[in-house]
Amino acid sequence: MRWKFALPLVLFLGLMALLLCGLGLDMRDIPSAKIGEPVPTFNLPPVGSLPGLASKDLGHGQVVLVNVFASWCVSCRQEHPLLLALKQQGEVAIYGIDYKDEPAAATAWLNELGDPYSRIGDDHSGRVAINWGVYGVPETYVIGKDGKIAYKQIGPVTAEALRDKILPLVRKLRAAP
Amino acid sequence: MAALALALPVVLTLVLALALTGVPAPAARAFAYEAPLANPKLEARADAIFASLRCLVCQNESIAESDADLAADLRRIVRERVAKGDTDDQVRQYLVARYGEWILLKPRFEPRTLLLWLGPLFLLVAAGGGIAVYFRHLAPAGASATAPLSAEEERRLRALLDDESAG
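Chains A and V are the protein sequences, given in the same order.
According to this note's numbering, the first sequence is numbered sequentially starting from 1.
According to this note's numbering, the second sequence is numbered sequentially starting from 178.
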């Protein structure tokens with residue numbers, strides 16, 4: 001019967017282990033409701049000289065990234081060089097959704113920093129982004145050949161995220177039938 | 178004592194948690210600069226829905242309380258849908274489809290959330306049961322302590338008592 005005295009200790013250690021796991025969770029990583037779903041229907045006017053972006057431009061056997069950005073967004077500036085480098089490599093096309101921004105400000109911003117996008121849609125009201133489940137900029141989506149959302153990067157794209165998650169996924173989706 | 182020492186904090190925590198959940202949340206108050214719905218009944222319904230939705234940017238505020246841009250956008254959507262004739266649940270489902278169930282401040286009661294909803298009750302019952310069993314065990318243990326002494330024990334006890342009275 002002596003083992004019973006160890007029970008509170010075991011329970012306590014169990015609780016501690018559970019809480020320790022909880023500490024490692026990032027509260028900003030909200031599970032996305034849209035993974036595996038087709039992109040929402042939308043049709044956004046262009047920004048500057050690039051073509052606009054609509055749901056009909058996605059899918060059709062092409063894997064693309066859709067990057068939600070704004071010229072007023074500080075973290076977008078941080079991820080921008082990585083997107084430019086990605087465009088240089090030419091591995092995957094990047095489409096932009098300009099979130100709650102003035103097209104003129106976005107154009108000036110892209111002229112200053114360089115333009116990684118091949119299409120940009122102007123989401124002036126932010127309503128299209130809400131249909132995507134965007135809750136802050138930047139966010140980057142990987143869209144599969146079937147036009148379904150395969151992955152969502154919350155916050156700026158990092159070199160690690162590109163190397164470990166986004167690009168491997170792009171290659172996998174591209175290889176898929 | 179070990180069982181009691183374990184159970185007491187658990188029970189106290191649960192009692193405190195139950196007491197706190199009983200405290201009514203401050204009344205939802207939309208922002209003054211936003212145009213309310215013309216129909217006060219619909220606006221009251223929209224207000225109640227605001228209070229049940231998490232602001233995703235500030236995370237532990239409802240959109241009724243948050244001044245974040247996204248919260249304002251979500252309030253506009255809720256008002257639009259209420260005005261269009263959606264039920265409260267339809268409005269919530271519209272946003273759950275976009276942001277996931279995390280946007281609901283009060284999780285739904287379903288198999289996946291069973292542990293969340295019933296866990297505290299289970300802990301309360303388990304801890305209460307543990308305490309009951311502990312005290313039930315105390316009584317027979319006490320009774321066995323007063324079991325009649327054997328002849329040998331009687332003899333030793335008498336010897337001790339005699340020693341003491343002699344000293």
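There may be inaccurate statements among the hints.
[Claimed, not checked] Cut-off 16 Å, straight-line C-alpha distance, at most; resulting in silico cross-link-like pairs (EDC-like, lysine to aspartate or glutamate):
hint : chain 1 : residue 1 : chain 2 : residue 2
1    : A       : 100       : V       : 220
2    : V       : 261       : V       : 287
3    : A       : 145       : A       : 112
4    : A       : 100       : A       : 112
5    : A       : 100       : A       : 26
6    : A       : 148       : A       : 26
7    : A       : 34        : V       : 278
8    : A       : 34        : A       : 146
9    : A       : 100       : V       : 278
Just so you know, these hints were derived from the structure itself, not from any lab.
Hint by hint, which ones does this structure get wrong, listed from lowest number up?
1, 2, 3, 4, 5, 6, 9
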